[in-house]
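Asks: These are the residues of each chain, in order.
There are 2 protein chains.
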Amino acid sequence: MMLGFVGSGFLGQSVVSRVQVSSRKDARRNVRVTPRMDAEYRTGVKRNENFSKLQAGYLFPEIARRRNAYIEENPDKDIISLGIGDTTLPIPDHIRSGLQAGASKLGTKEGYSGYGAEQGSAGLRDKIASNIYSDRVKPEEVFVSDGAKCDIARLQMMFGPGTTSAVQDPSYPVYVDTSVMQGQTQLFNEGTSQFDGITYMRCDASNGFFPDLENTQRTDVIFFCSPNNPTGAAASKSQLEELVSFAKKNGSIIVYDAAYAPFVRSSDVPKSILEIEGAREVAIECNSFSKYAGFTGVRLGWVVVPNELKYSDGTKVRADFNRVMTTCFNGASNIAQSGGLACLDKEGLDEIEGLIDYYMKNAALLRTTMIDLGFDVYGGTDAPYVWVSFPGRSSWDVFSEILEKTQVVTIPGAGFGPGGDGFIRMSAFASKESCEEACERFRKMYG
Amino acid sequence: MMLGFVGSGFLGQSVVSRVQVSSRKDARRNVRVTPRMDAEYRTGVKRNENFSKLQAGYLFPEIARRRNAYIEENPDKDIISLGIGDTTLPIPDHIRSGLQAGASKLGTKEGYSGYGAEQGSAGLRDKIASNIYSDRVKPEEVFVSDGAKCDIARLQMMFGPGTTSAVQDPSYPVYVDTSVMQGQTQLFNEGTSQFDGITYMRCDASNGFFPDLENTQRTDVIFFCSPNNPTGAAASKSQLEELVSFAKKNGSIIVYDAAYAPFVRSSDVPKSILEIEGAREVAIECNSFSKYAGFTGVRLGWVVVPNELKYSDGTKVRADFNRVMTTCFNGASNIAQSGGLACLDKEGLDEIEGLIDYYMKNAALLRTTMIDLGFDVYGGTDAPYVWVSFPGRSSWDVFSEILEKTQVVTIPGAGFGPGGDGFIRMSAFASKESCEEACERFRKMYG
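Residue numbers (UniProt numbering), protein chains in the order written: chain A, 1 to 447; chain B, 1 to 447.
These are calculated hints, taken from the structure and not from any lab test. Treat the hints with caution; some may be incorrect.
Intra- or inter-copy, both count: the list cannot distinguish identical chains.
Said to hold, decoys possible - Think about it this way: if two alpha-carbon atoms lie no more than 27 Å apart in a straight line, the pair counts; the simulated BS3-like pairs of lysine-lysine are:
hint, residue 1, residue 2
1, 346, 316
2, 127, 77
3, 346, 46
4, 77, 109
5, 127, 316
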């Protein structure tokens, strides 16, 4: 029996589960075969100092921890989560059947497939290039992945410790955290609540949530997310032209996070950095099926690395990213890719539009409710996030207060950087009923 | 319409696809809004020098490239692949239905789930701990992933540039390549065909394919794969005790790749490093559903990081790996995890045994055929790889010769390191019929 029965386990009785204090010598080798163990044993391996720079844990598990702690203490209370941007609508039929077909074919001789190309199936790369980008990108420039968060980490692995990064402030925590992990930064500065060595580009109401690039120093890499998580701000065409021009002038690389692109409603708001002339020479675009097809758990995304993007020595960035994808990754799940193909059919695209409409109605409701209650509110028109101002207040305090008084989970803006303090992010991905109920509770609390 | 129709694409007509030579100034800002572009434009970002150290591409895409080139030139020839270790049997019913159910439930309100815990669903972590490890590991020590290759890269990201690594020679190329990418090494040494800064532990017939640890210098990390890819060697209990003892003596961390554990047939060959006393303090174990459930495309694996494993400063390695998994990863696909749960049911484990039996019969056939033909042959008894000796010959030459004369794709041992030269790896994952046909062709060529 290669693997054990349930109950006795794969390894039978042999696995040592507790540290045992025992030792004996193996006379043949004069080596302690069972070394004396003690509870304080440490290896001689030095911890990667970059990890000691990190502050606490990643943001969303911390939110979950506080939420779960509250639930434990208040088991009778009915929690509504407008916190993590997690989709809640079931996957619509056409897309779901693509996933299901992807699973069932693996049970057949004709349909079974093992390893796929790490960069994604040719069919899916083709379809992304044609159905998303109108053939204005080549399939070879498209790298299918298990999602944008993982791609950011892989891009950072590719850039390495020697590059400098700029992020929006506030921003999705992964850009900063992976920068720290890669050794691109110095220590966390308690005074500024920022990492020395990262350039933070403040985005707030005073600058229309677009950075003051004329007063921003050069960095190698610029992480830019639009429509923005967490502020909901959607950069206009001329703002993105300014960004591309800034990158060109400085010889920088923009990592453009377009994960919320399909939520754009306003005209003159591009859905891709590649709509901007010159972007091919300066930008990488990350995108994901998570937020618009409900694939947050399914895991499917992609990166576009244009052929024209080169390092200072002339090497194509695409070549090194290809090396990362083939060496550090083994492809997105074939089942997820089957779902991706269904997403990009006409029926799939229609289904996606239905999902997005639903969430944007939630966003509109949250937005108008908070505006009615007298708050300054941003976002929610081109993104599924509503960014509510609580001037002068600690956002973690407001988070706790809202949780305790209305049992609604939100995200404190400070979790996205000091520029987020004084704001609360509300996510539109909950059910319509939950959003309506949350708004009722807000009206009671603030009305 | 949020996303475009098929044909006009998501971005309509706006994406700029070709580098256009044009420029104009934006008088308002005195900045070139559409910069002059030229085909030679380079950013000012310095390429990560670690990538320039890498030699050629990752091994398996290179094999695929040569195979495809051969097919193009010889379209009438019937290629058999005993190359990449890719599973070919369809996924059996119980496991397949677990995958299918995981997909279909996403289409229902009750069954839909979005983001899962990055470390894996509690149910799957529990089941791995109990059904694979007989509860001798805790669920919190189990991290579910999208596979061992990705986990090695994440472990390397965690270790960072400041650690030294040892690998077996020959070995799975990912350990070396990720070591180079992380900056743990110096340059490739043309004379030795190895990277200066990595310790290579020769494994060959003269030492029974187990390293001479007494003459191995200390490194922080020791990558050890058993049963071994590519040699098929399966370390005995006393050999693994020696390895654990060596690690303890040196304060090193073993990264133990157990991806082929279920192929073990011999008694006194452990299936997990955690069977060895003392291992909890010195070892991390990687494993994968790829090779035994046919999940090479589905993507599911796990890592065990014992609580007792600590860096020199006392920090738990598990804490930093948890940080990597939550920050650089977003969980294995929920559909794949559903399949994993089915794998670990009694019916699933039985199905896995059936798959492994099938492949091991192939291995036995390949082994006995090559032995009959007069070759010294290793492996194939506890692993799905057969390691055939061609003393004094360049393995890339033998690879080409076998491909041209028998149309069978193998892997040249040198692809796994200089210690692999003079050997050819044959993988047992092809169909029974293909293996039989390949053996017929070998008999014709060498008989």
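Asks: Evaluate each hint against the coordinates.
Replies: Do the hints match the structure? See the list:
no., hint, verdict
1, 346 <-> 316, "neither (34 Å within a copy, 50 Å between copies)"
2, 127 <-> 77, "neither (46 Å within a copy, 31 Å between copies)"
3, 346 <-> 46, "neither (54 Å within a copy, 42 Å between copies)"
4, 77 <-> 109, "between (51 Å within a copy, 22 Å between copies)"
5, 127 <-> 316, "within (24 Å within a copy, 44 Å between copies)"
Checked against the numbered hints above, the structure violates hints 1, 2, 3; every other hint is satisfied.
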